[in-house]
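Note that the protein sequences, when read in sequence, are chains A and B.
Going by the numbering used here, the first sequence opens with residue 10, and the numbers climb by one from there.
Going by the numbering used here, the second sequence opens with residue 24, and the numbers climb by one from there.
Quick caveat, the hints were computed from the structure, so don't treat them as lab data.
Please note that a few of the clues may not be correct.
Sample of chain B residues with no beta-carbon within 12 Å of chain A, all distances over it, derived [what the hints assert, rightly or not]:
#, residue
1, ARG53
2, VAL119
3, THR268
4, GLY397
5, ASP448
6, GLY517
7, MET525
Here chain B is said to cover these stretches of chain A; the calculated rule only asks that three of the stretch's residues, wherever they fall, bring their Cβ under 8 Å from a Cβ of chain B [stated by the list, open to error]:
#, stretch
8, 66-78
9, 82-94
Backbone N, C-alpha and C fix where the C-beta goes; we use that ideal spot for every residue, glycine too.
Here are the chains, one letter per residue:
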Amino acid sequence: MNGAIAMGLIKEIDYGTPVPAGRRTITLSIDGEPVTVPAGTSVMAAAMMLGTKIPKLCATDSLEPFGSCRMCLVEIDGRRGTPASCTTPAEEAMMVRTQSPKLATLRRGVMELYISDHPLDCLTCSANGDCELQDMAGAVGLRDVRYGFAGANHSKSPKDETNPYFTFEASKCIVCSRCVRACEETQGTFALTIAGRGFDSKVSPGGMDFFGSECVSCGACVQACPTATLTEKSVIAMGQPEHSVVTTCAYCGVGCSFKAEMQGSTVVRMVPYKDGRANEGHSCVKGRFAWGYATHKDRITKPMIRAAITDPWREVSWAEAIAHAAAEFKRIQAKYGRDSVGGITSSRCTNEETYLIQKLVRAAFGNNNVDTCARVCHSPTGYGLMTTLGTSAGTQDFASVDESDVILVIGANPTDGHPVFASRMKKRLREGAKLIVADPRRIDLVHSPHVQAAYHLPLLPGTNVALINALAHVVVTEGLVAEDYVRERCEWDAFDGWARFIAEPRHAPEATAKLTGVDPKDVRAAARLYATGGAAAIYYGLGVTEHSQGSTTVMAMANLAMATGNIGRPGAGVNPLRGQNNVQGSCDMGSFPHEYPGYRHVSDTDTRALYEEIWGVALAGEPGRRIPNMLDDAVEGTFKGLYIQGEDIAQSDPDTQHVTAGLRAMECIVIQDLFLNETAKYAHVFLPGSSFLEKDGTFTNAERRIGRVRKVMPALGGLADWEVTMALSNALGYQMDYAHPSQIMAEIAATTPTFKGVSYARLDELGSIQWPCNDAAPDGTPMMHVDRFVRGKGRFMLTEFIPTQERTGPLFPLILTTGRILSQYNVGAQTRRTENSQWHEEDVLEIHAVDAESRGVVDGDLVRLESRSGAVALRARISERMQPGVVYTTFHHPKTGANVITTDYTDWATNCPEYKVTAVQVRKTNRVSDWQARFFDEDIALTRVALPPAAE
Amino acid sequence: MTRDMIRVFVPADAAALALGADRVAAAIEREAAARGLAVELVRTGSRGMVWLEPLVEVEGAAGRRLGYGPVRPADVAGLFDAGFLDGRDHSLAIGVPEQHPLQLLQTRLSFGRCGVIDPVSLAEYRAHGGFIGLDRALAMDGQTIVEEVKLSGLRGRGGAGFPTGIKWNTVRVTPAEQRYIVCNADEGDSGTFADRMLMEGDPLSLIEGMTIAGLAVNATKGFIYCRSEYPHAFRTLERAIAAATQAGYLGSDINGSGRRFTLEVRLGAGAYICGEETSLLESLEGKRGVVRAKPPLPAIHGLFGKPTVVNNVLSFAAVPFIMAQGAKAYAAYGTGRSLGTLAVQLAGNVRRGGLFEIPFGTSLRVVVEEFGGGTASGRPVRAVQVGGPLGAYFPDHLLDTPLDYEAFAAVKGLIGHGGVVVFDDTVDLARQARFAFEFCAGESCGKCTPCRVGAVRGVEVVDRIVAGTEREKNLNLLTDLCALMAEASLCAMGGLTPVPVMSALTHFPEDFDRAPVAVAAE
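Let's have the full structure, built from the sequences with the hints guiding it.
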């Protein structure tokens, strides 16, 4: 067993106040015991370092000291009175007493006041067993409330149960403001405040109910609350958990660490883990609360097969399903050739599972037809950063942003897509870092409470390269290049060529303005700020990659960062915000048709020889098919069988009608998933998948951090995904024999230089590891390219702007761009099956008032959205976030069919689809589109499951 | 017959206005016009003798002024008839105001111009000794100014009595790109009005004092946080700042020195707690007025996190004199560690209410009896509350306590902002104790538990005592609660609420032990 799976409930130490990181230390005496602490540590935290718990209620170490509860008073030699230990910094030679008769009297007196206005229903209270107020009443020995309970009180204060996940029970509130402060300091949303004053002070979500407020349901307030006031509804319903297991969230690429708090094998709640380095105890509405999909009634837990997609599904045994799938693949390969089948790995599955799929394809299928959903999101990141810097990953850890002076956000919407990292970024912005946002939409970061972008560059979709070239042009022509850095760290000739290229007048902001639509004055000012404002970091998302020029943009950003010396130091870097939990990992694990794990080309004979030896088979040396090629070839009739794990290309991939045409043309599609997803409509074998709660493994987040996924409940279908892949491989005749995913990781480490030092034992020991992890960096690598680039010298690439062929015109005058929102995740398979849908029941079309008015569209109208690819109907929302000429929607709901609209244009280097630029027309309508009508029909016709025969 | 324009002075101080000063001024103008007399009406502040307001003054030969008061509109025609413009006698005549016995008993270092000059006239301000201190300060470095203020012994007049020079020095030596000067003009104590009188009567002295503070600590920006209940003071300050800016005494080049200081007035929103300096800073930043824990001190981490001098109006207003006349001239007044003068504000049940600036060391009895002339009701004085609603109630035997920070502390009282409220023998001190808790409950910011909950429980406990319910037990509980609030509260609001309560209980225990009023049985 793994050491980290300690039995019992994990309770992180709470020092009461943040512990500063400084190197200077001071030594003081607490109750006669000397203790040496970093300068700036509070007396309270210093005491805790000795294991001395000073009573407290308003203090917790995720929040700045507040000094309101007056429980933590201490005596200090030479100080008047009884200062609060939370707000008193420790000083050299200070002599502190934490206990005395006087202090005991004061603490008991304060507690007596608290309890004089608190319900005495401890035994039936939802926080019973997890209540700091109860603990403190015990700690101070409160035995009597001499004020009685007949005085003024809040026992009749109403409950607010509007949030689907937690309840606000005002009568239990002790007004410690921890929730308000958590909303401000931890989350940065400022949704909560204290209304009223004096005895009437009460926590208020801005004067309305929680659901209607600005609250983003991140859970930070619930986490911070010391009483029953803010409690998860699951705890209210089930009671306190009895043990916890540390695991990694299966949503976005932040990869938050969570404690799954359990009753037996039932999850009571997911609580962000303070020692998790990616999130440091913070969470968002998805990871914290939206885990109910794992046990949703839609889960398919029995293997199923059918001969034709129009047949009903038939439940069969695992053995029959696996045997059938293997027989089909063998039949197809025998009939159509070895290359006629392939596999798709999932960025939502573990590294180990992904590794096994690509191994199955390469070793059991005997070809390289493996690809991954990263194809459609961050493949340009891999290409662009590999080419310029030498590694296919972001350069920094998340903590680096704490040291950024300038933050450039391009084509990312962190507050919705990567909320926990966004909170960290906003904290730094509140501390004074400057922000530049390049985005067609006015995303929340541009202007939100206590955050204001210095520059918002509202470019037209599809013009990223022109904009970044313009920024670089200013850097080069205004003498802002960090020449010493470039000379030392980069290929000078390449730089020189690039500098001459970028200095050409056609790249000047004034010249590119007609392409980008951005005010050249702002571009110049932003470039100067980026180049001269101190440590400057770039954070980007799919708004960069999902374009015809995605790879060019990534290289352009790398150029810009290298030219200004902003790679290899804290607070700087070029950082992709990865869409899914394991996009980084699935790419690392050799999911691409041309690369083995660790980004080594299949034509590299040494690497191939290594795998041939370990795997014991001959391997193909030619790259296999990418997903678009598989679909094209399926339509052509040469590609016939596909094994898809945890991926729903019928919804997520562009130009839906082309995708489904390809799927329909295949003879055997094996789907391994939690649900009968859109792609499963075209499948012949369904193998029940396992959620992240049901298996062991690892995920790798956007900062290359490998974190453990730990099984907390048995797989609903009986097998974890890796076991299913293994069984299929064995049935295909290629033997796999792993007893535990740790053995798969051992094989990965043995064959992949960047993972050499990774093992489950080391992960248990260190908590998480950022690759590269090897002999040179046994504890992993938080920041890359520190003294030299991975590829040796940084390489500037010429980044010519070649506009997409997708053009607006009289028929399709608007540009559609797509994205996601906070409460839903990707294709929505998980979040749609949770209460998160209360925030986002359907996808809507955001449109600027001018475009709406000229079409006679008012807010809430059903509109027809049509492109050259297809048409759908959805509701319009007039939005000031949009600029005229640009419309926006999300793709969380299958019936919306957002990808019916998108085109099959792709990135020139990687085939990453151009989701972000589609020429469309919008007009009012009163009916769903033909595609949607067919969708609704097929939603029934292609998903039928045969009823089991009735028992006698 | 033609005559020179005669200058007539009518206060525009809020207290005078409340007593009809505007109507009196209008009547004077009307009468003068009707009689074809050339009168130049000058609106001033108040000399602090509120029982004489509206105190109308006429400038005679050689600038000598004669006073008449209190003048009602109906008196105006009679005054003209009597020839008051020529300084003739009238039943309301008080002679030369400066020679009034109660003026002669004072030492008006800060209030010397108040009631005398047009508050926003730079010429008059200068003519009466204004800006001499600033001119001297402009010739000094910051450290020298701070030393001068330290030497004067000036202590914060807001109530805490912290040495002003030491506070300034902390701000001066704390490294920062920006520092601020903030004036606490949120004068919320009941029975106090000195800040208001100064802001309405001589705002330029406050501006000068703040500017000197700015020079001393190298702060270029100041704010005056004025309570919303002071609309006249607010307007006068705005006009005075505009005038000073116009004349180059504020702005980017103070009096041609190349030094910079600008000033803004901000209006509060009616919360007593915003007179507490950290709440004031929160409010000034646009947040809820809630107390901040100290440390960090505002002098290090103040407005917008920058080192900030926060001083009361009267602390700043004392500075021009100190800089003009020297620290020693100021320190020559007072006693012990309480140096200089105190602006006593006398109110309540008293014959002569008003503001008297006197040296520290004068006894409370002198204030009540000689200045105040005893109670207005004519009944014996039973209790005197000093230092606002959170100050102690003194019985007769403590009235000989000298006005001195340490002497007051020794008898468990406080001088606070210098408010003195007189009660006759009809006062019920148990009710006053209850009022102290009620006040605290009404004005608590709600942040710390002892104050937020304790004040409400205090009212309930006093009610039970007065009702005779378990009197002994509840008296003990009251004492415990007071000890808890005094020791454990986050700020002086909760921390000082026990002062009036315990002084009432200590000095007037009989009021807490009355037989409950018998309820008539049917």
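Looking at the structure, which of the earlier hints fail to hold? Per hint list: single violation, 6.
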